[in-house]
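Based on these hints, arrange chain E on the given structure of chain V.
Here the protein sequences come in this chain order: V and E.
Note that the numbering used here gives residue 325 to position 325 of the first sequence, counting from 1, and the numbers run on in steps of one.
Note that the numbering used here gives residue 84 to position 84 of the second sequence, counting from 1, and the numbers run on in steps of one.
Be aware that one or more of the hints could be misleading.
[As the list claims (entries may be wrong)] From the structure, some residues in chain V lie toward chain E, with a derived Cβ separation under 8 Å: (1) Leu143; (2) Phe208; (3) Ile211.
[Said to hold, decoys possible] Negatives, chain V to chain E, calculated, CB over 12 Å: (4) Gly62; (5) Asp107; (6) Pro111; (7) Phe141; (8) Ala156; (9) Arg177; (10) Asp243; (11) Glu298; (12) Leu353.
These aren't lab readings, by the way, just hints derived from the structure by calculation.
As the structure is a prediction and not an experimental result, all values here were calculated from the model.
Virtual Cβ for every residue (Gly too), placed ideally from N, Cα, C.
Next come the chains, spelled out residue by residue.
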Amino acid sequence: MTKLTVFLLASCFAFWGARAWSELVPDEMGATTAGKPEPHWFMVLGSTGAYVFDGDNGAMQGSINKPAYAPAITVDIDREMFYVPGSYYSRGIYGERTDVVVFNAMDTLAPVAEVRIPAKMAAIGHRGMSNLVGEQFLVIFNLTPAMSVSVVDVEAREFVVEISTAGCGMVFPVPERRFLQLCGEGTLQVIGLDGRGNEASRVRSEKFFDIDEDPVFDYAVPTTDGWLLVSFEGNIYEVTFTDGIQISEPWSLLTEDDIEERWRIGGNQPFSYNAATGTLLTLMHQGGVDTHEEEGTEIWGFNLNTQRRGYRTVLEAPASAINVSRDADPRLFVVSSTPNTVLVYNALTGRLLNTVEEAGIFAGAVQRF
Amino acid sequence: MKPDRLLEELAKRLDRPITDGTRFLAQRMSRRGWLARFGTLLVGMGALPLLPMARQVHATGIPEMGDPQSCDYWRYCAFGGYLCSCCGGTHTQCPPGAEPSPVAWVGTCVNAADGKHYLISYNDCCGKSLCGRCGCHRTEGDKPIYFPAKSNNILWCFGTQSHAYTCTVALVLAEAETG
Numbered sequence: 001m002t003k004l005t006v007f008l009l010a011s012c013f014a015f016w017g018a019r020a021w022s023e024l025v026p027d028e029m030g031a032t033t034a035g036k037p038e039p040h041w042f043m044v045l046g047s048t049g050a051y052v053f054d055g056d057n058g059a060m061q062g063s064i065n066k067p068a069y070a071p072a073i074t075v076d077i078d079r080e081m082f083y084v085p086g087s088y089y090s091r092g093i094y095g096e097r098t099d100v101v102v103f104n105a106m107d108t109l110a111p112v113a114e115v116r117i118p119a120k121m122a123a124i125g126h127r128g129m130s131n132l133v134g135e136q137f138l139v140i141f142n143l144t145p146a147m148s149v150s151v152v153d154v155e156a157r158e159f160v161v162e163i164s165t166a167g168c169g170m171v172f173p174v175p176e177r178r179f180l181q182l183c184g185e186g187t188l189q190v191i192g193l194d195g196r197g198n199e200a201s202r203v204r205s206e207k208f209f210d211i212d213e214d215p216v217f218d219y220a221v222p223t224t225d226g227w228l229l230v231s232f233e234g235n236i237y238e239v240t241f242t243d244g245i246q247i248s249e250p251w252s253l254l255t256e257d258d259i260e261e262r263w264r265i266g267g268n269q270p271f272s273y274n275a276a277t278g279t280l281l282t283l284m285h286q287g288g289v290d291t292h293e294e295e296g297t298e299i300w301g302f303n304l305n306t307q308r309r310g311y312r313t314v315l316e317a318p319a320s321a322i323n324v325s326r327d328a329d330p331r332l333f334v335v336s337s338t339p340n341t342v343l344v345y346n347a348l349t350g351r352l353l354n355t356v357e358e359a360g361i362f363a364g365a366v367q368r369f
Numbered sequence: 001m002k003p004d005r006l007l008e009e010l011a012k013r014l015d016r017p018i019t020d021g022t023r024f025l026a027q028r029m030s031r032r033g034w035l036a037r038f039g040t041l042l043v044g045m046g047a048l049p050l051l052p053m054a055r056q057v058h059a060t061g062i063p064e065m066g067d068p069q070s071c072d073y074w075r076y077c078a079f080g081g082y083l084c085s086c087c088g089g090t091h092t093q094c095p096p097g098a099e100p101s102p103v104a105w106v107g108t109c110v111n112a113a114d115g116k117h118y119l120i121s122y123n124d125c126c127g128k129s130l131c132g133r134c135g136c137h138r139t140e141g142d143k144p145i146y147f148p149a150k151s152n153n154i155l156w157c158f159g160t161q162s163h164a165y166t167c168t169v170a171l172v173l174a175e176a177e178t179g
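Isolated chain E, as found in the complex:
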């Protein structure tokens, strides 16, 4: 499914406050505006299965370089929290017993391995004690709290049994469009 079509389908299933919040963004044609719109739509996905687009992209694979246990790793450009890769999980998987949050904030990071921009979804893992290892806070493209879709200061354990924060993973969603 094309991203625009996917967004349209998702928008139909979102609660009204969220769709209201995206309406002004839908008029924006710039790349950043589109990214923001995409991110805002993700915010409303609490009732949906876990990120169908993320699954699709993971199946294809992308060239990788760098250490996922280092804050310098390319996917972490807008990361805020503890790296799950240091906490018994990986950069895409929660540690044992932690519950993945189905909603997330998004960033756009450059993969040095191929020079391309990718949309990254930062999902919190929840319900276990605070990991406390490999704290990482980067703010590329980070926005204030009143723009939640791109704010890494929010505790993103929404749609989970507990909103106690454990650590965060970084999932590649799609290659970012340019222009």
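The shape of chain V in the complex, shown without the other chains:
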């Protein structure tokens, strides 16, 4: 091949290349928006963010900013907002501390407003750390280690007041602008707010458990008309609020054979309840006293109405946190000890449907919508 031929061929390629380039429409960069949450969506809380997935197909929908020291994310469907309380330092992990509630829009998953709160927020990744009370007030649990709550009016987007809750912690909403707390002396406390978010009432229950003998987990799940508590020894209490605070007689998750085989409930988020079907799910392991945080090796499904176990499912790998969707065809979300993996089960049968891998960074807790 002569030099002339090489030159002509190169010229042709250059010509056609340039023509192809001129016809190409360049990509335009943008950003998608998230849809309205579906019943089988779940959110995994990691150290650097909250990651939203569709449990039916495992597709990630987006993520919500969250600092490491943020307790829980509250979903407000009516206002199409996610509320993220968190602590921030001016130099990352040191410097001036600022605690704020960041309002994130549900479509862009991006911050649109923030409300500063007292720098006392409890830095515990736990669903009972903040919740919406009376659909207008976000109540955030403080621990300094004195216990109190901060009240934020999400309609006015302003901090209202700090309320001391000495001896009692957590925030679980109750109708009529009230919230439930668990107390170290073995009682429950319900605090009511007035229309401006200030304390209007405070009621304490009779003592019903002993902190040394068999405390209830600091975690509770909502039932149709109240909250369900579980003790370290596997006793179930249902709490309702039609007239003050009513606490049911406990029943046990465990049969005599289960106790003989040393089965126990345990984990960081060890039980969940689907009110639409009356299904209670528990994370179980075999162990002795004080193993209430040990990872579970089996999921047990109960009918809360009959207090009977419907199934047992052996997990491929131990798990520390579970949650169940709210709908009548419920999905069970299990945070596995296999790194960053969430397993999706049919909550009524215990059949594995889906495995979501790379589900968040350092995933710990799982929330439902």
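Below, chain E without anything else, positioned relative to chain V:
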């Protein structure tokens, strides 16, 4: 100073919410109840100098056995976090630049070297990046978060400049009373 007297003195200096929280415990005479009361009082010590009782006991010394860089070490029976002994510190000292938290949760552990029970204070070291080495989580006597004095799930960087968690030390406070 005797423990009861020390507790009485400390109680006078605590904020009201904390003392309210201890009132019901003060009526309990069982050993576990006493331990819980002691722990709850410690919770209110943020404004006090660092654990005067801990200093006193450290001066006397106790027989030791085991590896402080192992989660099996006897002092770690109610430990939750990263071992400072693996992070540039020791089992009683924070790593360089980390700030010791003056408040803590407590556990009661058996020292195999002498068979005695000891009160252990688990103090977080704060303000540096997460150590990430020698993670250790044991739950002997651990209680839920709403009983903070004996809960190892709480980030205990209280009374420090930053509450960013680095690692945790285990200090012997006193020999635990029995009966």
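Going through the hints against the structure:
Taking 8 Å as the C-beta cut-off, the interface hint given for Leu143/V holds, the closest approach to chain E being about 6 Å. Because the beta carbon of Phe208/V sits about 14 Å from the nearest beta carbon in chain E, more than 8 Å, this interface hint is broken. Interface hint at Ile211/V: satisfied, since its Cβ lies 6 Å from the closest Cβ of chain E, which is below the 8 Å cut-off. With 12 Å as the threshold on Cβ separation, the claim that Gly62/V sits away from chain E holds: the shortest Cβ distance comes to roughly 26 Å.
The claim that Asp107/V lies off the interface holds: its Cβ sits roughly 33 Å from the closest Cβ of chain E, which is beyond the 12 Å cut-off. With a least beta-carbon separation of about 22 Å from chain E, Pro111/V lies farther than 12 Å from that chain, consistent with its non-interface assignment. Non-interface status of Phe141/V relative to chain E is broken: a Cβ of that chain comes within 12 Å, the nearest being about 9 Å off. No beta-carbon of chain E is positioned within 12 Å of the beta-carbon of Ala156/V; the least distance is around 28 Å.
Non-interface call for Arg177/V relative to chain E: holds, since the shortest CB-CB distance, roughly 22 Å, exceeds 12 Å. Every Cβ of chain E is farther than 12 Å from the Cβ of Asp243/V; the closest lies at roughly 24 Å, confirming the non-interface assignment. Non-interface status of Glu298/V relative to chain E is upheld: no Cβ of that chain comes within 12 Å, the nearest being about 20 Å off. Remark: the non-interface label on Leu353/V is consistent with the geometry, its nearest Cβ contact in chain E lying 31 Å away (cut-off 12 Å).
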